[in-house]
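Protein chains: 2
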Amino acid sequence: MSELDIDAVLDRVRFDAAGLLPAVIQQHDTREVLMVGWMDAEALRRTLTEGRVTFWSRSRQEYWRKGDTSGHAQHVRGAALDCDGDTLLVQIDQVGVACHTGARSCFDVDPLEPVVGARS
Amino acid sequence: MSELDIDAVLDRVRFDAAGLLPAVIQQHDTREVLMVGWMDAEALRRTLTEGRVTFWSRSRQEYWRKGDTSGHAQHVRGAALDCDGDTLLVQIDQVGVACHTGARSCFDVDPLEPVVGARS
Numbered sequence: 001m002s003e004l005d006i007d008a009v010l011d012r013v014r015f016d017a018a019g020l021l022p023a024v025i026q027q028h029d030t031r032e033v034l035m036v037g038w039m040d041a042e043a044l045r046r047t048l049t050e051g052r053v054t055f056w057s058r059s060r061q062e063y064w065r066k067g068d069t070s071g072h073a074q075h076v077r078g079a080a081l082d083c084d085g086d087t088l089l090v091q092i093d094q095v096g097v098a099c100h101t102g103a104r105s106c107f108d109v110d111p112l113e114p115v116v117g118a119r120s
Numbered sequence: 001m002s003e004l005d006i007d008a009v010l011d012r013v014r015f016d017a018a019g020l021l022p023a024v025i026q027q028h029d030t031r032e033v034l035m036v037g038w039m040d041a042e043a044l045r046r047t048l049t050e051g052r053v054t055f056w057s058r059s060r061q062e063y064w065r066k067g068d069t070s071g072h073a074q075h076v077r078g079a080a081l082d083c084d085g086d087t088l089l090v091q092i093d094q095v096g097v098a099c100h101t102g103a104r105s106c107f108d109v110d111p112l113e114p115v116v117g118a119r120s
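Top to bottom, those sequences are chains A and B. So the first sequence is numbered by full-length UniProt numbering: it starts at 1 and just counts up by one. So the second sequence is numbered by full-length UniProt numbering: it starts at 1 and just counts up by one.
Chain A on its own, in the form it takes in the complex (with noise of 0.2 angstroms):
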């Protein structure tokens, strides 16, 4: 589409029994996956339109524009959904670290050991 029309991407996507949609955040140069966090209809309109990602806490039952707290703002780059409208991906600029640890990204704090496979 040429045009953001956020109603025909609201009717296409698929949100949970929850209201909800899991939205992987990366970043757009280094394509680094940073966090996913879920985001309920307002807080994707939001996201699309207002260049800040906005997620729906499920935690606290609040919206939560990333960074307003922490100064660690995710600048929207582009996003897509999936082939089956049930999953977001937000290609970011981020500022500063994206995880409440300090780490960069969520997936840098708990690295596991997986048997490693290979094209036979």
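It is worth saying that the hints were derived from the structure and are not from the lab. For every residue, glycine included, the Cβ atom is placed at its ideal position computed from N, Cα and C.
Rough simulated footprint, nothing fancy, chain B against chain A, three-plus residues with beta-carbon under 8 angstroms: (1) 46–52; (2) 73–84; (3) 100–110.
From the structure, some residues in chain A lie toward chain B, with a derived Cβ separation under 10 angstroms: (4) 24; (5) 88; (6) 116.
Fit chain B to the supplied structure of chain A, relying on the hints for placement.
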């Protein structure tokens, strides 16, 4: 940890009310986000110990080892839990394409045009 202790990992995971965990699948070298799938404890155990990604299919209510039907296997290269243990990131080597539509990534199918933000 120096070796994978699957029970210790499962103890740290916070599965949702349905017993599931979202898993972000990322191509290990290009860092493309290819898809998001869901795992229960058994799918997670298989993924971390078999070198191939296995999901729990919510629609079919069965285990789904990616590639067994399509040939488009996902070979595990790394994995991490996030800071609060409710999301998994899996770095993989994708054979062929990840998406059932034939697209490389499930997020190639429906790109949006959000309002872009920038650091002030």
